[in-house]
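Chains as they are written, first to last, in our numbering: chain Y, 1 to 226; chain V, 1 to 226; chain P, 1 to 226; chain G, 1 to 226.
There are no misleading hints in this set.
Same chains, same label: a pair holds when it works inside one copy or across any pair of copies.
Computed cross-link-like contacts, DMTMM-like style, restricted to lysine to aspartate or glutamate with a CA-CA straight-line distance of at most 25 Å:
(1) LYS22 to ASP131
(2) LYS142 to ASP131
(3) LYS23 to ASP169
(4) LYS140 to GLU125
(5) LYS143 to ASP131
It is worth saying that the hints were derived from the structure and are not from the lab.
Protein chains: 4
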Amino acid sequence: MNIAVYGGSGRMGTVFCDYAVKKGHSVFVIDKQTPKLNIPFYSRLEDVIPSVDTVVDFSSPQGLNEIIPTIERFHKPLVSGTTGIGNDVMTKLKEAGKIIPILYAPNFSMGITLIKILLKNIPQELLREFDIHIEEIHHKNKKDKPSGTAKMLGEILVNPEISSIRVGDERGIHKIYFYGEDEVIELSHRAVSRIIFARGALASAQSIINMPPGFYTMEALWTGKK
Amino acid sequence: MNIAVYGGSGRMGTVFCDYAVKKGHSVFVIDKQTPKLNIPFYSRLEDVIPSVDTVVDFSSPQGLNEIIPTIERFHKPLVSGTTGIGNDVMTKLKEAGKIIPILYAPNFSMGITLIKILLKNIPQELLREFDIHIEEIHHKNKKDKPSGTAKMLGEILVNPEISSIRVGDERGIHKIYFYGEDEVIELSHRAVSRIIFARGALASAQSIINMPPGFYTMEALWTGKK
Amino acid sequence: MNIAVYGGSGRMGTVFCDYAVKKGHSVFVIDKQTPKLNIPFYSRLEDVIPSVDTVVDFSSPQGLNEIIPTIERFHKPLVSGTTGIGNDVMTKLKEAGKIIPILYAPNFSMGITLIKILLKNIPQELLREFDIHIEEIHHKNKKDKPSGTAKMLGEILVNPEISSIRVGDERGIHKIYFYGEDEVIELSHRAVSRIIFARGALASAQSIINMPPGFYTMEALWTGKK
Amino acid sequence: MNIAVYGGSGRMGTVFCDYAVKKGHSVFVIDKQTPKLNIPFYSRLEDVIPSVDTVVDFSSPQGLNEIIPTIERFHKPLVSGTTGIGNDVMTKLKEAGKIIPILYAPNFSMGITLIKILLKNIPQELLREFDIHIEEIHHKNKKDKPSGTAKMLGEILVNPEISSIRVGDERGIHKIYFYGEDEVIELSHRAVSRIIFARGALASAQSIINMPPGFYTMEALWTGKK
Numbered sequence: 001m002n003i004a005v006y007g008g009s010g011r012m013g014t015v016f017c018d019y020a021v022k023k024g025h026s027v028f029v030i031d032k033q034t035p036k037l038n039i040p041f042y043s044r045l046e047d048v049i050p051s052v053d054t055v056v057d058f059s060s061p062q063g064l065n066e067i068i069p070t071i072e073r074f075h076k077p078l079v080s081g082t083t084g085i086g087n088d089v090m091t092k093l094k095e096a097g098k099i100i101p102i103l104y105a106p107n108f109s110m111g112i113t114l115i116k117i118l119l120k121n122i123p124q125e126l127l128r129e130f131d132i133h134i135e136e137i138h139h140k141n142k143k144d145k146p147s148g149t150a151k152m153l154g155e156i157l158v159n160p161e162i163s164s165i166r167v168g169d170e171r172g173i174h175k176i177y178f179y180g181e182d183e184v185i186e187l188s189h190r191a192v193s194r195i196i197f198a199r200g201a202l203a204s205a206q207s208i209i210n211m212p213p214g215f216y217t218m219e220a221l222w223t224g225k226k
Numbered sequence: 001m002n003i004a005v006y007g008g009s010g011r012m013g014t015v016f017c018d019y020a021v022k023k024g025h026s027v028f029v030i031d032k033q034t035p036k037l038n039i040p041f042y043s044r045l046e047d048v049i050p051s052v053d054t055v056v057d058f059s060s061p062q063g064l065n066e067i068i069p070t071i072e073r074f075h076k077p078l079v080s081g082t083t084g085i086g087n088d089v090m091t092k093l094k095e096a097g098k099i100i101p102i103l104y105a106p107n108f109s110m111g112i113t114l115i116k117i118l119l120k121n122i123p124q125e126l127l128r129e130f131d132i133h134i135e136e137i138h139h140k141n142k143k144d145k146p147s148g149t150a151k152m153l154g155e156i157l158v159n160p161e162i163s164s165i166r167v168g169d170e171r172g173i174h175k176i177y178f179y180g181e182d183e184v185i186e187l188s189h190r191a192v193s194r195i196i197f198a199r200g201a202l203a204s205a206q207s208i209i210n211m212p213p214g215f216y217t218m219e220a221l222w223t224g225k226k
Numbered sequence: 001m002n003i004a005v006y007g008g009s010g011r012m013g014t015v016f017c018d019y020a021v022k023k024g025h026s027v028f029v030i031d032k033q034t035p036k037l038n039i040p041f042y043s044r045l046e047d048v049i050p051s052v053d054t055v056v057d058f059s060s061p062q063g064l065n066e067i068i069p070t071i072e073r074f075h076k077p078l079v080s081g082t083t084g085i086g087n088d089v090m091t092k093l094k095e096a097g098k099i100i101p102i103l104y105a106p107n108f109s110m111g112i113t114l115i116k117i118l119l120k121n122i123p124q125e126l127l128r129e130f131d132i133h134i135e136e137i138h139h140k141n142k143k144d145k146p147s148g149t150a151k152m153l154g155e156i157l158v159n160p161e162i163s164s165i166r167v168g169d170e171r172g173i174h175k176i177y178f179y180g181e182d183e184v185i186e187l188s189h190r191a192v193s194r195i196i197f198a199r200g201a202l203a204s205a206q207s208i209i210n211m212p213p214g215f216y217t218m219e220a221l222w223t224g225k226k
Numbered sequence: 001m002n003i004a005v006y007g008g009s010g011r012m013g014t015v016f017c018d019y020a021v022k023k024g025h026s027v028f029v030i031d032k033q034t035p036k037l038n039i040p041f042y043s044r045l046e047d048v049i050p051s052v053d054t055v056v057d058f059s060s061p062q063g064l065n066e067i068i069p070t071i072e073r074f075h076k077p078l079v080s081g082t083t084g085i086g087n088d089v090m091t092k093l094k095e096a097g098k099i100i101p102i103l104y105a106p107n108f109s110m111g112i113t114l115i116k117i118l119l120k121n122i123p124q125e126l127l128r129e130f131d132i133h134i135e136e137i138h139h140k141n142k143k144d145k146p147s148g149t150a151k152m153l154g155e156i157l158v159n160p161e162i163s164s165i166r167v168g169d170e171r172g173i174h175k176i177y178f179y180g181e182d183e184v185i186e187l188s189h190r191a192v193s194r195i196i197f198a199r200g201a202l203a204s205a206q207s208i209i210n211m212p213p214g215f216y217t218m219e220a221l222w223t224g225k226k
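Kindly generate the complete structure, drawing on both the sequences and the hints.
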């Protein structure tokens, strides 16, 4: 694919560009700052959008807001991982989803997406038969407690207790215990690096270019439902 | 509930009766042998079926075959855990399911049922993004390798490799690894005792008495689908 | 072996007697209450001590105090799991250890004993290279938090943080994380039933009858050091 | 420290130099090839050895053989991770250990060192009470089965069965199960990157410069015994 990466010089943008290039894709960075990697670099999305298959955005709420009209005008699929966007930008994204496929994902991990899909598919009657507890383990410098992902998983599961462990340099473990009587299910996710977000964004970009217009979440994209 | 337990003096029947009595239910054993527990005991199902809410069967393929007409005549829900039944008995069970609710379950564990439901709900597109491996750990005296449960889980997951560990007195661990790039999901089930089968059978009996006629598996019963 | 079990009708005494009988030993209960099991039963230790190989005590601090002179007089090895004893009884036990082998163990688990031996053998210089965290998981009805075992393990490890999880009917998991840079060691113990205490007491009784006089802990007995 | 890294342009040498520089040490590469990193670079050890605190070797059996006389002449501590050396080089290393401190380590991981120390300290009598099994999990491209580390751990434990799982991109998990009756201990090590070898080599280099002459293994260095 030919991919325009808006915000491609930032931390996550850099990880994404590096990963996509290694996987054989042509990447074009649009950013104010020169990218750390040796990658074609433009300051305006308009300069490169006609020749790309999709636009990937790792910029800022303001940056994302600014490019929506361009995306719409050129009818290119958009994959955005920008967090912290307000209702106004969200509304514009959903509007754009009426004419082009839009994927909005605060977390691109394929593993976390799979876990969310699994949890949402547990029948309520069966869920009630188990006592549930969430545990998350992260490195000592992680300030928020519990992690955003743990809270999000908890919301799917009618808010069980969450234990947070801060130790060493752990990249991130999330574990859900389901205790029945004399049996226990554990469902855990362990992250090794930020590569998981780059990979999820790339695989989703490859998937979305064949989708009809729509506003998609990761779960929707990967379950084939809007 | 009032429960008739056909085959209630056998190994699994005894565990079930003990469990159901402790949970406050009235249990009536129908068997040739006197039950080990101090429980009302009859030799013919007809003697007790009019006064029970449901019939639970832990007998044998032949035993199950013999009671199907009685079950039909008295219109009582049936919960059967008898394994190794042939096509002829299966056909009769499905016929009976047209007029009464029938639950047939070679494994009553609520945990294994939950795992089967989870695995069947993974979208194929997403599943392909992971490399999968099944591991099962059982005590040294377990002869079959891999376990029947591991094989059954493997069939849902397009037959990944299965590793079998035989060590100590482990009651039974099943673990499924889903490796993505730089991330891994583990989904495991650990059994502590046979209580899990008694509990699953009892909870299912409580659930099935309110269901419309039908032939149900554990997954069907607990997902609310036939 | 022929074993006198002082306090053999209590909760832990009953588990021990049942286990020892199954393993082929001859057991004699000394208690005020009739034992639940069908086992020879005496009200005074003197009535049976001449014919036993060892005395196992699961009574009370007062009960233990009362039998020390008898033990000394008959020169029989003593294995005591009575908790909550004061300094006076402890002093008497240590005195008795000068003429007979005495094992005093607030926790008879062979697994916990192995973990204590492992932890005590970690060189301080190496231990400093790891960030340590203890986690313990127990059923929801367990009141004390953290568990006594977790606290005891913490004391060996210069008191790392301890996380306590209370969920379902978990019998007891203790886990110690040692995080280095880009590597982690986990050392965990999982208990399935009270059998572990019966087994540890029985194996220790078999071991102590060949030991020279001394006051032993589980670690001392199993490392061959006093 | 000032560190001469013999073979510093190779794969492991590069990881080590990068790590040591980040930790604030002055590193001098001695190699035939220019290092990938921007680090002072010499072709002969003699050019730089007078001004360093220690020599770290990640070269080849032949390379190691060639520098032993220089190390001896300048009386500098040596830390070598070169694998596959023959008896002749080993004999020379041990000879050199009579006048300077020498650390020879085929695996520098602090975690694996800790596990080896733990296992070697288990009393044989206690070990016999457990049924042991080793499991190792590595990425699909790892050819040797079981891993060298698993075999080495097995030798310490009187050769239990070893299960090898090859799945995804797992960097390396080693797990030892100790099954007692109704209890189980798990001791596991998980590696995240090659950093663990760089870190172990650096920490050992810092430790060895204060040691008396001797031929040390990792266990010996970190237990304070030769």
